[in-house]
Amino acid sequence: MAWGGRLGPVNDSGEIRRLRSCISNLIGLQALPAISPGREASRFLSVLLEALIGMLQLDFGYARAIDTRGGRLEIGRVRQRRPAEVDAGKIGRALEPLISSDHSVRVMTVLNPVGDGELSIAPLRFGIQGDNGLLVAGSSRPDFPTAIELLLLRVAGNQATIALFEAGVAARQRQTAEELEQRVDERTRELMRTSEALRTTEAELAHVNRVTTMGQLAASITHEIMQPIAAGMTDASAAQRWLSAQPPNAEEARQCLDRIVQEGNRAAGVVDRIRAMFKKAPQRREAVEINDAIREVVGLTRGELVKNNIAVETQLAENLPAIQGDRVQLQQVVLNLIINAVEAMCGGHDGSRELIISTGEHANGVLVTVRDCGPGLGKEPRERLFDAFYTTKTAGMGMGLAMCRSIVEAHGGRIWASRDVGPGATFQFNLPLSGAQ
Amino acid sequence: MTEASGVVFVVDDDAAMRRSLESLLRSVGLRVELFPSPQEFLRCTPPNSPACLLLDVRLPGLSGLDLQRQMPAANLDIPIVFITAHGDIPMTVQAMKGGAVEFLTKPFRDQDLLDAVHLGLHRSREARAHRAGLQELQERYRSLTAREREVMAYVVAGLLNKQIAGELGTSETTVKIQRHRVMEKMSADSVAGLVRMADMLSIRVPK
Chain A
1 MAWGGRLGPV
11 NDSGEIRRLR
21 SCISNLIGLQ
31 ALPAISPGRE
41 ASRFLSVLLE
51 ALIGMLQLDF
61 GYARAIDTRG
71 GRLEIGRVRQ
81 RRPAEVDAGK
91 IGRALEPLIS
101 SDHSVRVMTV
111 LNPVGDGELS
121 IAPLRFGIQG
131 DNGLLVAGSS
141 RPDFPTAIEL
151 LLLRVAGNQA
161 TIALFEAGVA
171 ARQRQTAEEL
181 EQRVDERTRE
191 LMRTSEALRT
201 TEAELAHVNR
211 VTTMGQLAAS
221 ITHEIMQPIA
231 AGMTDASAAQ
241 RWLSAQPPNA
251 EEARQCLDRI
261 VQEGNRAAGV
271 VDRIRAMFKK
281 APQRREAVEI
291 NDAIREVVGL
301 TRGELVKNNI
311 AVETQLAENL
321 PAIQGDRVQL
331 QQVVLNLIIN
341 AVEAMCGGHD
351 GSRELIISTG
361 EHANGVLVTV
371 RDCGPGLGKE
381 PRERLFDAFY
391 TTKTAGMGMG
401 LAMCRSIVEA
411 HGGRIWASRD
421 VGPGATFQFN
431 LPLSGAQ
Chain B
1001 MTEASGVVFV
1011 VDDDAAMRRS
1021 LESLLRSVGL
1031 RVELFPSPQE
1041 FLRCTPPNSP
1051 ACLLLDVRLP
1061 GLSGLDLQRQ
1071 MPAANLDIPI
1081 VFITAHGDIP
1091 MTVQAMKGGA
1101 VEFLTKPFRD
1111 QDLLDAVHLG
1121 LHRSREARAH
1131 RAGLQELQER
1141 YRSLTARERE
1151 VMAYVVAGLL
1161 NKQIAGELGT
1171 SETTVKIQRH
1181 RVMEKMSADS
1191 VAGLVRMADM
1201 LSIRVPK
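Protein chains in written order, with our numbering: chain A, 1 to 437; chain B, 1001 to 1207.
Please note that a few of the clues may not be correct.
Calculated pairs, EDC-like style, for lysine to aspartate or glutamate (alpha carbon to alpha carbon, straight line, at most 16 Å) [as the list claims (entries may be wrong)]:
hint	chain 1	residue 1	chain 2	residue 2
1	A	307	B	1013
2	B	1097	B	1066
3	A	307	B	1066
4	A	307	B	1014
5	B	1162	B	1172
6	B	1176	B	1148
7	B	1106	B	1014
8	B	1185	B	1148
9	A	90	A	74
These aren't lab readings, by the way, just hints derived from the structure by calculation.
So that you can see chain B by itself, here it is in the shape it has in the complex (with noise of 0.2 Å):
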């Protein structure tokens, strides 16, 4: 079960945990950064690859749970699985509260903390998709002129072409070459797929 594509960032002070996360990681076929501090880990630069963060709770200085927070500040993006010497139950659901994947106690089973960093790399990997996604419809949206723009968002609010022509002044052959310009340069095979495009790019539905 090879994870080809993806890196687990581990921060823990203690050297011999790091390494045994390390090797424990790297048997299993992922790409392992190791790093003793949150402040290290903070300077490093974003990934551009899938990537699931593994922290410990309890750190000189700067604490795991004070990293979370701080992340999206940093720009980092990266699901986190913390472990724990001893976590109670405020600190666990603070933790979730910010979104961390997991929480391990330890001693944890090994096969308990792949499946947490596994499921963090998923989510890593949908979270980028959607990114791109999103990215490549904002392309595609912007190379439309501003009438098309006003068609389209006539267009996901359900109104007919005759009823478009009579709200833009305009005639229904002229609203239909357009329309069909709209389909083309979004990539849309139906109606109902410019109306999910136009959802995820948040276009409101003119009144």
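This is chain A alone, in the form it adopts within the complex (with noise of 0.2 Å):
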């Protein structure tokens, strides 16, 4: 390189002193970027040019870069007492028509931009091709600049083409994070909307659930009465075509009202216990046989049961105590775990459809349990269950098992969700014998 010949034999005590500075001043450049503050092409070149001027004792110096938006980044320094800012345009300007665009360091004598009389320059250009900006030089001192300060600038130009690149990178770094940031953003938006949508549709949703219960209810329901009735009729039109047929046939036409007395007595046994269910009865407090109620429960709901494919099994102990309580409350549990237990097997669910209700003793008072083949609980925080508006259903409100909670809890009892009992859930409440306090 040229100015290593220039360097010649260390051999006196001034040019050790001046190699000493030199290396110093090499150790100050390569620190700059750490203690330049942010990663800031315009601060990076400010602190770089004020360095430059304490260090090569330069009446001003000027960089010149294209910023990381694409922008110009126009930069002055002059030394006064401390390096001061001064109009970077102004220089640019004065020096424009001088600089040639070749990336060879010329130094040149020209009319002082920031002052009066001559002095010289030593534009460099800098960057990875050499077009990232450029940086230059000046001073009035006539040995400027020596081969220790040209190499101290080609150094200075290097350290700012690695920090304008350094902040390029950056810059699209900040960008990248702000743009996730308001994605984020976004999408919380998003998720508080659906949220308050969810919570009014929830409300609503826990009126309609009533209507729908009922609605199923009224399905199986209408099956069980409709049977006996449409076979009474159907029975008491053959009655009369027997009657009316040439010769009458007496002995088909009584057996056929035999059938139609039965059949009423059938119709008149589903009135009874829907009436016993929905009668709107203040609680009440009378010796119910747990078995008897169940069984009755198990009785309305085999239509639904029959119509979704479900064996129903009870396992009802004999010889139970009757508790005190209200039947048709007891029911309505009963009812509701029954229901639940539905829509757990028929929701997508290939196992086994099986439902076993099974009664037994239990300390001072009855067990219950209701357990289903469906996919069971999983992970769902079992205390959570049984709280108002908690439902793990698509079309669940929420309300079933906390409504159960009530009534159990009402009767002295307690209902719970067992762990680990078979393949699927199993829920089982206690009832004591004296009932509530």
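Take the two lone chains, each set in its own frame, and fit them into one complex as the hints suggest.
Structure below.
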């Protein structure tokens, strides 16, 4: 390199001093990125110019670059007591015609753009292809620039290149981060809106729930009651035809009438059971045979169970003591657990469809267990299952189990979901003999 | 109004319903067979008399609509009258699309049920007659020689004896004799009658 030969042999103390100062300046330049605040191109170039003015006793320093947004960046510093800001545009305009576009450093003497008289300038292009920017050092010192000063200028140019590149990367990172943050913000707002809508829907559906449950029940009951009525009417028509036949067939007609009586009783039985379930009575205290109460509910839901292809098995313990309580309310608890089980086993579940309802003695009372073969409760927090408005169903309102709990607790009992008893979900409740205190 | 030939199959899981339907159908002289489930019905041998199926939609296991879908595979071509406690519109549409005769909702009027059953038996009888006629016709067609079948195809296409002779490269007299034999073997009294037979047999007219 050009300046290499001019360094010459190290033969006097002045040379050693200059080399020491050069090394310390080099270290200073290397450290610049670390001490320049932020990773911004304009800040770094300002700090770099101020450092060069101090190191090389410059009259002025000037830097020009394309910033990360593609804009023109122009910075000037002059030496007063401390390096001060100066109209960089003025320096740029004064130097523009003098500076060639090639990459070599051509030292030249020009009119001082920031003061009087003439001075020497060393313009240096920098950047990966030498196209990012221009660094100009100006000094009125007659020996400017020495070989060491040129070396330092080149190192400064390299540092500026690296700083500009890093500033670009940092800007892109900032932009990506901002975009991401914006997207997160949008999604958050979206989720807030959805959750708001959900809350509204939930409130609306809580009202619909009662109606839906009634609708399902109504379909099941319709089937139960329509069956004997249809059979009875058919038998009545048949009887008429047997009697008006030639000759009339009294024996066939009598058989029809016998069956009509049976079917009438069957229909009356269904109506009685429905009436017992829906009687709007205040909470009553009566002796309840829990097995009988359960049998009635199972009978009423049989249509629904058959329709959904579910086999029901009852394992009712014999000689259970009667408990004190409200029969209809307790039946509602059982009905609710059955409907939940049916829904669990119908919701896209391919396993066996079996519902097991069992009773047994428990402490000083009875224990009722309703077990299905559905997908089970998984990791659902069991203590929350009985909270109002808590639901795991897509169409559930989260009212059923809450009502069950309030009824069972009003009877002095407790209801819970058991862990790992069967393949599906298992719900149990106990009822003490004495009832609520 | 006695339907001497014909049997009504009743598939219903409710025993009381089965017995009342049986009594009603017998009171008008119909033969009745009862089945508590579709599975048991599918095990019975296809009847060789006109038949109608009285089917409850809602059954444990296989539903009535399922059974309707499976019947063609089981080689059971029996008109179906559906009965249900609460039929919804999609269910009705599905049943009727599948070729059901009628879709009755419980409780139904006895006359509506009997009309539907008679319509079903009527359709069954017609289908059987159609099948029997076709079988007879196929047998007659099988008795033709290969050349007679060719002549028959040209005759029903409307070609004159001379044209047929040209097509087959034979004499008009020969064609005339063969044509006479075709009419005789097929028991056709006119060309129009022969065309109808060809239509039933799906004989392609040569170009």
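Hints, one by one, checked against the model:
1. A:307 <-> B:1013: Holds, at roughly 12 Å.
2. B:1097 <-> B:1066: 13 Å, holds
3. A:307 <-> B:1066: Holds, at roughly 13 Å.
4. A:307 <-> B:1014: Distance of about 14 Å is within 16 Å: holds.
5. B:1162 <-> B:1172: 5 Å, holds
6. B:1176 <-> B:1148: 11 Å, holds
7. B:1106 <-> B:1014: 13 Å, holds
8. B:1185 <-> B:1148: Between residue 1185 of chain B and residue 1148 of chain B the Cα gap is close to 10 Å, so the pair holds against 16 Å.
9. A:90 <-> A:74: 10 Å, holds
In summary, this structure violates none of the numbered hints.
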